[in-house]
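> So you can see what is in the structure, the chains are spelled out below.
4 protein chains.
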Amino acid sequence: MNTANMSTPMQGLAQQLQQFADERQWGPYHSPKNLASALVVEAGELLEHFQWLTEAQSRELTPEKKQAVAHEMADVLLYLVQLSTAVGVDLMAAAQDKIVLNAQKYPVTCPVTPPASR
Amino acid sequence: MNTANMSTPMQGLAQQLQQFADERQWGPYHSPKNLASALVVEAGELLEHFQWLTEAQSRELTPEKKQAVAHEMADVLLYLVQLSTAVGVDLMAAAQDKIVLNAQKYPVTCPVTPPASR
Amino acid sequence: MNTANMSTPMQGLAQQLQQFADERQWGPYHSPKNLASALVVEAGELLEHFQWLTEAQSRELTPEKKQAVAHEMADVLLYLVQLSTAVGVDLMAAAQDKIVLNAQKYPVTCPVTPPASR
Amino acid sequence: MNTANMSTPMQGLAQQLQQFADERQWGPYHSPKNLASALVVEAGELLEHFQWLTEAQSRELTPEKKQAVAHEMADVLLYLVQLSTAVGVDLMAAAQDKIVLNAQKYPVTCPVTPPASR
Chain D
251 MNTANMSTPM QGLAQQLQQF ADERQWGPYH SPKNLASALV VEAGELLEHF QWLTEAQSRE
311 LTPEKKQAVA HEMADVLLYL VQLSTAVGVD LMAAAQDKIV LNAQKYPVTC PVTPPASR
Chain X
251 MNTANMSTPM QGLAQQLQQF ADERQWGPYH SPKNLASALV VEAGELLEHF QWLTEAQSRE
311 LTPEKKQAVA HEMADVLLYL VQLSTAVGVD LMAAAQDKIV LNAQKYPVTC PVTPPASR
Chain L
251 MNTANMSTPM QGLAQQLQQF ADERQWGPYH SPKNLASALV VEAGELLEHF QWLTEAQSRE
311 LTPEKKQAVA HEMADVLLYL VQLSTAVGVD LMAAAQDKIV LNAQKYPVTC PVTPPASR
Chain W
251 MNTANMSTPM QGLAQQLQQF ADERQWGPYH SPKNLASALV VEAGELLEHF QWLTEAQSRE
311 LTPEKKQAVA HEMADVLLYL VQLSTAVGVD LMAAAQDKIV LNAQKYPVTC PVTPPASR
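Chains as they are written, first to last, in my numbering: chain D, 251 to 368; chain X, 251 to 368; chain L, 251 to 368; chain W, 251 to 368.
Do not rely on the hints blindly, as some may be mistaken.
Note that identical chains are pooled: a pair holds if it fits in a single copy or bridges any two copies.
Straight line, CA to CA, 25 Å or less: simulated DSS-like cross-link-like pairs of lysine-lysine [claimed, not checked]:
1) K348 <-> K315
2) K316 <-> K348
3) K315 <-> K355
4) K355 <-> K316
Don't read these hints as lab results, they were simulated from the structure.
Chain D extracted, bound-state conformation:
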């Protein structure tokens, strides 16, 4: 199978969202500054579902809660992808770069080291 001209799922999603915004002439609203703001707002809506839950409760979500969380997670991803288009960043490549950096920052140790705030 010749994959040379096939877009990845992430690229396909980016194109879908670009078309969605173009059809509605939302370009002027989609400055990177605004998209980053919208992303934070959605991240807050995602966190809201967990704010009064204990950590244990958060590991056992009801089906309704899981569905609501899925919607907010999708909202975050959609703005992240639109921002990646707006600033010209390859999200999946950036993810791989960050994993390499994280492996250096958090080497596997014995005994293990907890995650730390930066």
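Chain D is fixed; fit chains X, L and W onto it per the hints.
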């Protein structure tokens, strides 16, 4: 080519991150509540790069700024993927569901309608 | 006038909120971790009112928008005050400490220096 | 004591911050849109101190952690006050209005009702 057993790039990333966390025994720290918090924190670090820029300046990032923004976007994606594993949500499927919902919420109109806060 | 036993407005507000929560037995939910999460969620709701506005539009809010913004700002303050009670921090004193630190970090210069991301 | 011309502590803080910004000619950067963004960024830095702590650990902060949290809380308050000046909102009055609304939204019941996400 038989694609039946091939994981998508997103699934591959999820497995990579699961292994990364397992090697460091970070499971106890990775409650969905904590992962959602970490995601919001990274989204704030992303927004920080834009807070004093005008919208116009945000459309013309310097190479250094673009690199810094790429790192923060990767951080957001990594927590989003780890959260999707923790709660059992298929991110790309949830994204498609949300696009369908958004198309109903924001139909293409003449004249066009600006994006509205929810 | 003997002010020795008079509480400041901020202390009065903190007592009001403590009583409000006690009457509803919300103590178990009000861990500092949860209160900090709730504060971020409200800050996101505040930002949502500005996400599609230009900076110029944000300087000329309609009365309805200004009222909505006032409510969200109050929500942020209420969680900030409840968090200050929960962790034992004097908010107004901490504000003065921070102003002193900021004056050292951003001395008045000629020509002036723009605010920078930390 | 004639209190007619005495400013409240909050008004005094607002004036202090206005002067601080004027001395540095930061006015052009302090659109309400930007101040709301900066507030969210600081709220995220505050949450970062709690993201890997359990709720129980968050109730027993070390002196260093408490100091760091105090600084971030002050950062949030400073932007909240600057935003209140920029949009013309009386923060303490808005707080009282919100308490009245909250009392209607969450009446004292028997048995008591937990706080709910909006």
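> Look at each hint and say if it fits the structure.
We went through each hint and held it up to the structure:
1. K348 <-> K315: Between. Shortest inter-copy distance 16 Å satisfies the 25 Å Cα cut-off; intra-copy 30 Å does not.
2. K316 <-> K348: Classified as between; 14 Å across copies, 28 Å inside a copy.
3. K315 <-> K355: between (34 Å within a copy, 21 Å between copies)
4. K355 <-> K316: Between copies only: 22 Å across chains, 32 Å inside a chain, cut-off 25 Å.
Checked against the numbered hints listed earlier, the structure breaks none of them; every hint is satisfied.
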